[in-house]
Amino acid sequence: MKARLIIASALAITAFAVAGCGEKPNVTIYKQGQYQGKPDNVPWQSQPFNNSQADWDKAIKARNARQNEYARIENQ
Amino acid sequence: MARMKFLCDAERCIECNGCVTACKQEHEIPWGVNRRRVVTLNDGLPGEKSISVACMHCSDAPCMAVCPVDCFYKTSEGVVLHDKDLCIGCGYCFYACPFGAPQFPQDGAFGLRGKMDKCTFCAGGPEQDHSAAEFKKYGRNRLAEGKLPACAEMCSTKALLGGDGDVVADIYRTRVLTRGKGSDVWGWGTAYGKPETRQPAPPQAKS
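In the order they appear, the protein sequences are chains C and E. Heads up: the first sequence begins at 1 in our numbering, then just goes up one per residue. Heads up: the second sequence begins at 77 in our numbering, then just goes up one per residue.
Keep in mind the hints are simulated off the structure, nothing from the lab. In this text the structure is predicted, and so the values were computed from the model without any measurement.
Below, in silico cross-link-like pairs of lysine-lysine (DSSO-like), each with a Cα-Cα straight-line distance of 27 Å or less:
| hint | chain 1 | residue 1 | chain 2 | residue 2 |
| --- | --- | --- | --- | --- |
| 1 | C | K38 | E | K191 |
| 2 | E | K160 | E | K150 |
| 3 | E | K270 | C | K61 |
| 4 | E | K100 | C | K38 |
| 5 | E | K100 | C | K61 |
| 6 | E | K212 | E | K160 |
| 7 | E | K100 | E | K160 |
| 8 | C | K38 | E | K150 |
| 9 | C | K58 | E | K150 |
| 10 | E | K212 | C | K38 |
| 11 | E | K234 | C | K58 |
| 12 | E | K234 | E | K223 |
| 13 | E | K100 | E | K234 |
| 14 | E | K125 | E | K234 |
Per the computed footprint, the stretches of chain E lying under chain C, defined by three or more beta-carbons under 8 Å from a beta-carbon of chain C, are:
| hint | stretch |
| --- | --- |
| 15 | 149-160 |
| 16 | 201-212 |
| 17 | 216-224 |
| 18 | 239-245 |
| 19 | 250-264 |
Ideal Cβ positions, reconstructed from N, Cα and C, are used throughout, including at glycine.
Could you put together the complete structure from these sequences and hints?
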C-alpha cells in the first residue's frame, strides 16, 4: 500500500514538474513578410520622363520648392 | 533619392477641407471613403487646432507588419502602397495604423467590407502607369507626372506640405524661425521616428 502511494506520489510530482514543458509562448512575434503582389514601375519609367530619373528629380524638386512661399515671394 | 513625407502645420491649418476635396476630386473617391480628413481639436474653444490627416507613409509602417497576405510594399521613394488584387479586406491594417488611414468601402446590402483603400501619395499602384486600371483601383498617378500630391499642392495656406522629407523639413524650419513659435509637428515622430524598415528590393515591372 505504501509502495503504491510512493509510486503515485512520484508520478504526480514528475507530472507536475514537467507540466510547463508543453506550454507554447503566448507572445506573437511578427515577422516582416515578403511582398506577394504585382510588381510596380518607378515613377520616371513612363511618360513624360521616359526613364530619365534626373528629369523626374528636377521636376519634383521644382514642385517642392514652390511650396516654400518665402522663397517664392523673394523670386518674384 | 527623395524620401516622400507629409507634414501638417497646425498653426496654419484653417480647417477649410480643401485637401479633402482635392483628394476626392483627383481620384474620384466614392462616398464613405476619406483618404484624407481634417481633425479639429478643442473645436470652438480658444486655442483650437486643426490637422489634416491621411496615410503618413511611415518609415516603419505597422500596416505592412500585420498584413496577413503581405499586400503592402514600399517604393524607392518611401511611399507605402498596396496591391488591391491581393487585399482580403480583413481590416488588420486599420487596427494597426496610428492615423486611422486605411478605409474600407461598404459594398452590398449588408455593408460587407471591401478591399482597403488609402492615400497613395498620388503614386498610383501596381498597375501600368496612367492606365485605366490604375486610376480605377488607386487613383491618379501624379508622382509619375512629376507632380506632388494634390492635397499638399492645393492647400491654400500651405499648412500641408508634401514631398521630399528634407525639403519639407527645411521649409518648415524656416517658417518656425520666422514666426518664432509652433515648432511641434503633429504625427511626425510617430510616422518617421523609427528607422526605415529594411525592405527587400522594391518590385519593378519590366518595361
